[in-house]
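Here's the letter readout for the chains.
There are 2 protein chains.
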Amino acid sequence: MKKACSLAIAAALLALPVNAEEAKVEYPSPPEIVAKAAASEWVEIAPSDLMVMELAPLGDKPRRVVIQLMPAPFSQGWVSNIRKLAAAKFWDGTSVNRVQDNYVVQWGDATEKKALPDGLAVVPEADYAAYSYECSASPSEAKTGRCRVYAAAGQRIELTKEADSYGQFPFLFDGWPLGVAYHLDENAVVPGWNEPKPVFFPSLAPVHCYGMVGVGRNLSPDTGTGAELYTVIGHAPRHLDRNIALVGRVIEGIEHLSSLPRGTGPLGFYEREEERVPILSVRTGNEVSGLPAYEYLSTESESFAKYADARANRRDPFFIKPAGGADICNIPVPVRRKAL
Amino acid sequence: MKKACSLAIAAALLALPVNAEEAKVEYPSPPEIVAKAAASEWVEIAPSDLMVMELAPLGDKPRRVVIQLMPAPFSQGWVSNIRKLAAAKFWDGTSVNRVQDNYVVQWGDATEKKALPDGLAVVPEADYAAYSYECSASPSEAKTGRCRVYAAAGQRIELTKEADSYGQFPFLFDGWPLGVAYHLDENAVVPGWNEPKPVFFPSLAPVHCYGMVGVGRNLSPDTGTGAELYTVIGHAPRHLDRNIALVGRVIEGIEHLSSLPRGTGPLGFYEREEERVPILSVRTGNEVSGLPAYEYLSTESESFAKYADARANRRDPFFIKPAGGADICNIPVPVRRKAL
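Those protein sequences? They're chains A and B, same order as listed.
Numbering of the first sequence is given in this note's numbering, commencing with residue 966 and proceeding in unit increments.
Numbering of the second sequence is given in this note's numbering, commencing with residue 966 and proceeding in unit increments.
Just chain A, same shape as in the assembly (with noise of 0.2 Å):
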């Protein structure tokens, strides 16, 4: 049933007081949560874990890039290649060459010619996702997320929430935004069935969200060995998920990617060689003296669950109206240095 309805009632629904006093004392703000949460909520990031890539200085400010690797089961292909490439100290001498506006940083070597270490493995496009060993014969079923997947520790996840507007069930999980999706087979065989039936598979990827470093590639099927990095600047280009691999993620310093002058050529590449910003080593944590230890706030803690509530309704004093949600990309995982 539809009626026509004055303008003026609509209006009214806005011009409810808010108290913001007693707003305050009830709800605070996502980083008075973080603020708050226990010493034991936090995890911290094994050095080893960790890249360090120093750019060249600007005039006397140095400037370090720390990224932090993602762990098994996703992308473990290419991140040990990155491990290979840093012990070689493959980047040191490289640069950062292409700066596209509300897109990407990418670094690497410019020349394409400079040799790559021994032993690289060349991963395939099915290591974009991992897989679970549980799925659901029902697409019912599987297509409103109640179908059950194992992440990275064997844990068990049960999705709840709606697909978002890229088809995905995102989540945060042991400290990594990801999300569920389902590819149908439509004659798949499974051990028990006496002949093939549709069925949903989910699998699980990484999730293109601000400051997520990923695996330049050229045209499928090649994947990139890893020595071509590129981190996100901008919008969630989520339409990259699950066709390039995502390999970690800045946790400091991404400053000094996200404010360089924006390359003027074809993607955002500098076009002279004097614009490119020199790379003076990339190391793996555990081999660079003094660096500080990195925590993240636990996704499974009870302070994670408060504070991305809060950031899907914000109810500081500032705000007037809780959104009611928030995208997966809205709600980025706290990460600190660890308080001596």
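Don't take every hint at face value.
To be clear about the criterion: a stretch of chain B counts as covered by chain A if any three or more of its residues have a C-beta under 8 Å from a C-beta of chain A, and this derived list gives those stretches [to be verified]:
1) 1172 to 1186
2) 1214 to 1228
3) 1270 to 1283
Note that these hints are calculated values from the structure, not bench results.
This one's a predicted model, so the numbers in the text were calculated from it and none came from an experiment.
Cβ atoms here follow ideal geometry from the backbone N, Cα and C, with glycine treated the same way.
Start from chain A and add chain B according to the hints.
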């Protein structure tokens, strides 16, 4: 019904062959679609609806930022204030004062002491959204987005998509990213009804995508005058939708803002006066001699529909897995200088 199934079967789903040659013929990329759009599908922007901000040059490089103001029925109280502020040359000699990574760049009078011109309106919070005249009396009908709403020029929009993560039904219309939200009035009094009933009222509001320009304010119910403005330089901060007035978007030169050094003070404010970027002048487009004409691809055109579909389903040769969808801020409206 749930079955255990082997990893090998699931992984094999990804091994479908891709014929890049054929794909290229069948599926042009989004920029290729835009390049082929007919001249009649582009809409020229009136110079009087542009604001031209000249920042102090960087070395000998001029830094011009061009902003398109929002049309009726959105935010017109603030837009009118902004026209008055530009006419009074209020921003000449002010500065960019805040650059917060993955969030906003903000400009205005850092001293907060400069006199505002006479005649600025005090705009109510209700004006963060525009209200339609037609609504649904059925919550279930409204919630599934089948309620009809009227947009800017009286056109009726049929909402067919599901609500996004922010509880809105987003769409692109009249050149802008907009979202419909529903507000429940438990006891609405509607002409023709004998007694109050629950009614979901739809309202339309602009969406905080990359490059959108909004009005800085203090705590609610202060809605800001328009003298203090910001633009989005990161992932869409959709929690600000309906909490702040959006008055336009940057259509050229956003790189002069997004690539500025990040502020090191709270919220990304510059801590030292010399860090601020001087604004030489802000004028409406009709007062700037030699300004190019700008045009946007009509969001109601056939080419835009193809472009939006291609953004949501990348099938050009680089891609192996079309997403099947995109969020509204990942379908930026193409804007360009009009060919002479």
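Hint by hint, here is what the structure shows:
1. Given a C-beta distance limit of less than 8 Å, the hint that chain A covers the stretch 1172 to 1186 of chain B holds, as 6 residues qualify and 3 suffice.
2. Counting residues of the stretch 1214 to 1228 of chain B whose CB lies closer than 8 Å to any CB of chain A gives 7, so the stated coverage by that chain holds, three being the minimum.
3. Counting residues of the stretch 1270 to 1283 of chain B whose beta carbon lies closer than 8 Å to any beta carbon of chain A gives 5, which meets the minimum of three for the stated coverage.
Checked against the numbered hints listed earlier, the structure breaks none of them; every hint is satisfied.
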